[in-house]
Amino acid sequence: MVERTWRPVAWGVVAAALAGLVLWPLARLLGEAVGAGLGRLLGDLGSAGAGAIVNSLWVSALVTVLALGGGLAAALLTERSRISGAGLLRLAILVPLVIPDFVSAMSWLRAYGPVGLTHRLLGIELPGLVGPAGIVIVLSVGALPLAYLVIAGGMRVRAEPDLERAARASGASALVAFRSVTLPLLWPVLVAAAGLVFVTSMNAFGTPVVLGSPAGFTTMTTRIYGDLAFSSSDEAFRRVIALACLLVVVAVSIVGLVDRLGGQGVDRTGLAGGTRATAGPHRRWAAVLAWLAVVLTVLVPLLALVLAALTRAVGLDPVPANLTLANFGRALDSHAIGALANSLLLATGAAALAVGLALVATALGSRWRPRLNTAVTLTFAVPGSVLAVAVLLAFGATLRDTLAIILLAYVAKLWALGQRPISGAADRLSGDLLRAARASGAGLLAALRTVTLPLLAPAIAAGALLVFVFAVHELTISVLLYGPTTETLAVDILGLQQVGDPVVTAALAVILTAVVAALAGLLLLLIRRFPWTEAGH
Amino acid sequence: MAVTDVPPAIELHRVAVAYDGVPVLADLDLRVEPGETLALLGPSGSGKTTLLFAVAGFLGIAGGEIRIAGRLASDRSTTLAPERRDVAVVFQQYALWPHLNAVETVAYPILRRGVDRARARLEALDLLERMGVSHLAERRPAQLSGGEQQRVGVARALARRAAVILLDEPTAHLDTPLRSALGAELSEQRRRSGAAAVYATHDVSEALAVADRVALLRDGRIVQVGDPRAIYERPVDLWAARLSGPASVVAAELVGDGRVRIAGRNVSLALDGGVRSLPDGTEAALLVRPDWVSLGGELPGAVSAVWFRGPWTDYRLETAAGTVEVREPGPPRAAPGQAVGWTLARAWLLDAGAQAGSPA
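Those protein sequences? They're chains B and V, same order as listed. Quick note: to get the numbering used here, add 7 to the position in the first sequence (first position is 1). Quick note: to get the numbering used here, add 36 to the position in the second sequence (first position is 1).
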């Protein structure tokens, strides 16, 4: 896409960014580990570290099973049966994606916890919500939409309805058709979804810190946070290094495994599409169950959070006399406003830089795009906690306690989110479109401006918004890197929650979620508004 | 019904299908006899796939009933599962399973019949042989061309040994030469299997060539059913005429005794279509197929366009009675702009008083 003269410059930018943002920090982390020596690392890991590893593993495994089962069931319901309001159900299933995970943990506490909504109204609470069971449930609810997105998308491109119809018309029952056609075709997709959910759960921090810490239940990420934030011993520091290295190993090996298992995927047949004219059977009861699940796991917790934010004090019944807007005023003190400003500033910077890097990387041409995408995706798989530790090791000496160090980590982490939509849109742009513009008399710059840019614009906006949304509700990285003046809103909310001011915490969490939800709504509008972002591949 | 009577392979009685309240098929009656091939001819969106899917059991019907080989398969309240109907399907986009190779694909329906693996494989290889693709037995769909994929798709349908084969525009995505080759082969294999077939297509020449009978489908309703010659020569209306082949409409006046007056001159021709009931002097629109017209006659006209097609040549004439399409064997005999005489050997009376329009 780019003329010869600019190519080296573009390469330089991409290479420098990859090296500076990812490779150098990770090398520093590895250097620390090698310097300490394997024996010392294992020794310092101790039972506390080992326990955290075991906890992380089994929680993630359980979440993977639950989220995958739920996601598959939801995908079968929305993609393979005729239900009324399927579009709305799809949207409802995806709602947890835009709720920061520590906010959903807090909202579950407000809904089903010891002094929660159901306790006050019905006298019942969810046993074990504070502790591992609660972590598994809330993480599963958060991960289900991820699994659903991957599986439903895979169903659309891999297991077209005609393939299942062909099995039925060959004499297979619905069950046999599912087992012999749908499942084998979805196998790579299921592997990919499982890998994604497992790595996400291993890297999760907000939910385990909110629901695990009060019960003394630590995972690898909360252990890293505890050791880094509240301890200054060399032993604790080496434990951080060891855990961070382990997290990288787990993340990278899972990504590699998924690549090998899922990559040997099934080639598509020559023709896309097939007949979509008809959907499957009516499944009214399944739809009712799905809506009930959405209400119980998403809507009730959110409602409880909003009610808590509107109540004068925790423990009061949500009757009109006890309702007030004062919490929002108290929540938005100068400190919180500063934190909100930091969050927005960081998100804006991260979105601009990530999209800029994505554009440069995309401009290098279709031959390099897949490889660069892989490299960038791998950095996305590096857990936030690890990235924060590595960036701290690499740049802490000069940039400690500045917004810049958080920004660096954000860009490294979120680059992939900006790149995905942009490179995807670029892949779908036929080179002939640009050639047609040149053949119509446009110079390269004019052609880029009048043809390429308008066609990429929705993808660029989508990429920028995606980065922005994730940066605004990011907690894992900022909680490890913030300084006295660089608190983000997420860090502020977590701090308030731990100090124990539930109503003000709830008010602030509602504000954060509203900002994120508004942005996500904008993203959705954008995607709807520009139909060509989805079509034509 | 007498005991010796063989029930129709497919019988649709007042079938209705609706999506989200919008009717797609309405009040549809259709019979296909055992061993017969029925072509379902209609433009896209006319409901061809919906009709096939209703017969296959992929979707339920809102009213009426569908019987397959005499057995009730669908009515308002029940839909027999596809695997329990005596029906095989060839899909428009082939619908080959990407994870199975050709022989596994064809063996699939055989295994579902309860045949053991070794025997199923032999039978599948035999079917692939019959379709001329046995050398591709170990290939997966992605390694096959469109024509090869569809041959495997047809072999899979034949392997089902069903009483009825439904073909949903099986050649729509193939090149023209491949189309006619596969079309011919399909009819041959289908005849050998003895199954009845419903062949959905939007291609007139394909429909006329493969079918024993043709049904015209328009907006979810059957407009006309008949053998291919009847469909071509005696369309029920202008829409059916234009769907079933090239056609011109010529303005004429009936003057009795199978004679008509065109552009002020009396012409004697074989006129069909309820002409006897009409009084002399009636203004009428005559449907004329290009091969019913010939150059060199007493009617005046001017050539406005000429297309040389190899074995034959198509002409467009502008005449006082309307635009007329002509098809004659051999190379062009007239050039655009040239004044020519023309005449017609036969015509089909569409409806009295209808407007003469431009050719389709």
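It should be emphasised that the hints constitute simulated quantities derived from the structure, not laboratory data. It cannot be assumed that every hint is accurate.
Stated by the list, open to error - Quick list of simulated restraints, FRET-style, between CB atoms: (1) B:Leu532 / V:Glu165: 54 to 60 Å; (2) V:Ala178 / B:Leu190: 15 to 21 Å; (3) V:Gly57 / B:Ala348: 49 to 55 Å.
Note that CB positions come from ideal geometry on N, CA and C, so glycine has one too.
We went through each hint and held it up to the structure:
1. B:Leu532 / V:Glu165: 54 to 60 Å: Check passed, 57 Å falls within 54 to 60 Å.
2. V:Ala178 / B:Leu190: 15 to 21 Å: holds (19 Å)
3. V:Gly57 / B:Ala348: 49 to 55 Å: holds (52 Å)
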